[in-house]
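Sequential numbering of the sequence shown, starting at 554, is according to the working numbering.
Possibly wrong hints are sitting among the right ones.
[Claimed, not checked] Now the in silico label distances, taken between C-beta atoms and shown as ranges:
id : residue 1 : residue 2 : range
1  : Q823      : Q915      : 38 to 44 Å
2  : P886      : K909      : 15 to 21 Å
3  : V907      : K622      : 47 to 53 Å
4  : A621      : T868      : 40 to 46 Å
5  : S839      : Q670      : 41 to 47 Å
6  : P829      : S644      : 25 to 31 Å
[Claimed, not checked] For lysine-lysine, the following DSS-like pairs were computed, each having C-alpha atoms within a straight-line distance of at most 27 Å:
id : residue 1 : residue 2
7  : K940      : K857
8  : K726      : K674
9  : K689      : K712
10 : K863      : K929
11 : K940      : K929
12 : K712      : K673
13 : K673      : K726
14 : K783      : K724
15 : K673      : K724
16 : K689      : K673
17 : K856      : K630
18 : K931      : K918
19 : K638      : K863
20 : K671      : K689
21 : K940      : K918
22 : K717      : K689
23 : K783      : K673
24 : K638      : K674
25 : K815      : K671
26 : K638      : K783
27 : K622      : K606
28 : K856      : K622
29 : K724      : K712
No lab work stands behind these hints: they were computed from the structure.
Since the structure is predicted, the reported quantities are computational estimates derived from the model, not experimental observations.
Each residue gets a CB set at the ideal place from its N, CA and C atoms; glycine is no exception.
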Amino acid sequence: MEEFDYQEKLTQAEIRLTEFLAEQIRNSATYFGYPEIPQNNDLSILGISGLAKLHLNNAGDPSVHGNAKMHTKEFEKEVLDFVAKLYDLESYWGYITSGGTEGNLYGLYMGREYFTQKNKKPFFLFSSSSHYSIPKNAHLLNVDAFQVNCDGSGEMNYKNLTEKIKSINTKHKEYGLIINLNIGTTMTGAMDELSEIHNVLDELHIPKEDVYIHADAALMGFIYPFLSSKEDLFANGVSSIAISGHKFPGTIHPCGVLLANKSMHDATFQDANWIPYLEANDTTISGSRNGFLALNFWYIIQKKGVNGFKEEAMTCIENAQYLYNSLNEMNYPDVAYNADQLIVTFEKPCDEIVQKYQLATQGNKAHIVVMQHISKHKIDQFCTLLKSTSQNLELVKG
554 MEEFDYQEKL
564 TQAEIRLTEF
574 LAEQIRNSAT
584 YFGYPEIPQN
594 NDLSILGISG
604 LAKLHLNNAG
614 DPSVHGNAKM
624 HTKEFEKEVL
634 DFVAKLYDLE
644 SYWGYITSGG
654 TEGNLYGLYM
664 GREYFTQKNK
674 KPFFLFSSSS
684 HYSIPKNAHL
694 LNVDAFQVNC
704 DGSGEMNYKN
714 LTEKIKSINT
724 KHKEYGLIIN
734 LNIGTTMTGA
744 MDELSEIHNV
754 LDELHIPKED
764 VYIHADAALM
774 GFIYPFLSSK
784 EDLFANGVSS
794 IAISGHKFPG
804 TIHPCGVLLA
814 NKSMHDATFQ
824 DANWIPYLEA
834 NDTTISGSRN
844 GFLALNFWYI
854 IQKKGVNGFK
864 EEAMTCIENA
874 QYLYNSLNEM
884 NYPDVAYNAD
894 QLIVTFEKPC
904 DEIVQKYQLA
914 TQGNKAHIVV
924 MQHISKHKID
934 QFCTLLKSTS
944 QNLELVKG
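All chains, full assembly: derive it from the sequences and hints.
Now the structure itself:
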């Protein structure tokens with residue numbers, strides 16, 4: 554029988570990891586199509602601090618530490634406080650999620666439970682430009698859902714929203730509306746207007762207590778508070794919001810934040826299960842949660858702060874406008890950009906460019922998400938290649 558050599562196996566594993574690291578570093582140089590920062594040196598300290606080797610489990614409600622001491626709930630709470638202040642939300646409940654999908658799932662779950670307790674049938678309305686997690690979550694929670702049309706930019710069509718609500722109203726008496734508000738759609742970055750949704754609700758005489766609005770702000774969550782066009786979400790009827798940490802903040806490891814109006818959350822989950830062996834309430838979607846994610850989030854907030862995030866947000870928006878202008882100057886087809894966004898869409902280029910720059914595509918469209926690592930210099934390099942590639946010359950009219 555052949556003797557097993559553990560040392561040789563370890564050496565092979567190290568070689569494979571080294572090769573994989575080199576490959577991913579090469580990939581990060583042209584990571585243009587998705588809303589993440591592929592490398593973040595700000596977080597390298599966490600890898601060498603010794604914290605990465607510890608078991609850190611934020612099980613149960615983040616506000617209750619429980620008996621086990623191997624967790625990062627104090628850091629989690631500071632992250633939540635920071636985000637709540639960005640949205641002027643004084644009284645909140647929340648936790649750090651595994652990502653935007655879980656945050657959207659929790660918002661819909663809370664809305665469903667809120668109306669179910671009031672003996673009202675919940676109906677979910679979301680736009681056709683919503684993230685793929687939105688209809689999936691409705692299916693998982695078995696909530697009747699209505700898809701609302703969008704206009705050409707990807708923003709919700711409020712006339713169609715009116716029609717969908719009217720169709721519910723003609724068939725049901727005791728019901729509650731759960732509405733998904735997109736703060737930046739996946740493909741175009743379009744933002745639904747909260748004020749327009751309220752105009753629809755007022756026109757149809759829908760009582761505010763019969764409406765639960767969840768905001769999906771995956772990419773824009775740390776950008777939206779700095780925009781001059783922003784609406785005061787929680788002061789104007791939003792009950793919960795989901796934000797991704799691995800997108801604009803740049804936490805590297807996928808994670809997110811879910812914030813909810815505390816009084817509504819407390820009323821909805823007042824009978825949440827108390828788990829004796831955890832000494833904490835079972836109020837989150839998952840039981841065990843990765844405590845290292847809270848450290849990621851906390852540390853990057855310490856590094857950047859409000860002013861740092863604001864400066865990065867304005868730079869990314871400026872660079873997105875630069876890309877938009879550059880594509881228009883070369884007369885590239887079908888270029889579009891929504892104001893105050895990081896996303897520029899354009900006609901899908903040849904496969905060589907799609908693969909090299911890892912562009913996200915949908916039908917005959919492609920987009921670039923101008924994150925912090927995409928400088929004007931990198932944009933110039935992209936546009937030069939786009940113009941010179943033989944298969945794209947016929948697309949460029951100038």
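How the hints compare with the structure:
Between Q823 and Q915, the C-beta spacing of about 43 Å keeps the proposed range 38 to 44 Å intact. Hint check: P886 to K909, Cβ distance near 20 Å, so the stated range 15 to 21 Å holds. For the pair V907 and K622, the beta carbons lie near 49 Å from each other, so the given range of 47 to 53 Å is met. In this structure, A621 and T868 meet the distance hint of 40 to 46 Å, their C-beta atoms being roughly 42 Å apart.
Judged by the Cβ atoms, the range 41 to 47 Å given for S839 and Q670 is violated: they are separated by roughly 23 Å. As the Cβ distance of P829 to S644 is approximately 28 Å, the hint placing it in 25 to 31 Å holds. At roughly 37 Å between alpha-carbon atoms, K940 and K857 are farther apart than 27 Å, so this suggested pair is violated. Taking the CA atoms of K726 and K674, the gap is near 9 Å; set against the 27 Å cutoff, the hint holds.
The straight-line distance between the Cα atoms of K689 and K712 is roughly 25 Å, inside the 27 Å bound, and the hint therefore holds. Only pairs whose Cα atoms come within 27 Å are accepted, and K863 paired with K929 is accepted, the gap being roughly 19 Å. Distance hint between K940 and K929 is fulfilled; the C-alpha atoms sit about 16 Å from each other, no more than 27 Å. Between K712 and K673, the direct Cα distance comes to roughly 25 Å. Compliance with the 27 Å bound is thereby established for this hinted pair.
The suggested pairing of K673 with K726 holds, with an alpha-carbon distance near 9 Å, which does not exceed 27 Å. Between K783 and K724 the alpha-carbon distance is near 35 Å, which puts this suggested pair outside the 27 Å criterion. Straight-line distance between C-alpha atoms of K673 and K724 comes to about 13 Å, which keeps the hinted pair within the 27 Å bound. Of the pairs offered as hints, the one joining K689 and K673 holds, with about 22 Å between alpha carbons and a cut-off of 27 Å not exceeded.
A distance of roughly 17 Å separates the Cα atoms of K856 and K630; the hinted pair therefore holds under the 27 Å criterion. For the suggested pair K931 and K918, the alpha carbons sit about 21 Å apart, so the restraint of at most 27 Å is met. Distance hint between K638 and K863 is fulfilled; the C-alpha atoms sit about 14 Å from each other, no more than 27 Å. Distance check on the hinted pair: K671 and K689 sit about 25 Å apart at the alpha-carbon level, within 27 Å; holds.
A threshold of 27 Å between alpha carbons decides the hint, and for K940 with K918 the separation of about 17 Å falls inside it, so the pair holds. Of the supplied pair hints, the one linking K717 and K689 holds, its CA atoms being roughly 20 Å apart against a limit of 27 Å. Pair hint K783 plus K673 does not hold up; C-alpha atoms about 32 Å apart against a cutoff of 27 Å. With a CA separation close to 33 Å, the supplied pair K638 and K674 exceeds the 27 Å bound.
Between K815 and K671 the CA atoms are separated by roughly 18 Å; this keeps the pair inside 27 Å, and the hint holds. Using a Cα cut-off of 27 Å, the hinted pair K638 and K783 holds, with the two alpha carbons roughly 15 Å apart. Among the hinted pairs, K622 with K606 is consistent with the structure: their alpha-carbon atoms are about 16 Å apart, no more than 27 Å. Straight-line distance between C-alpha atoms of K856 and K622 comes to about 26 Å, which keeps the hinted pair within the 27 Å bound.
Distance restraint check for K724 and K712: the Cα-Cα separation of roughly 19 Å lies within the 27 Å cut-off, and the hinted pair is therefore satisfied.
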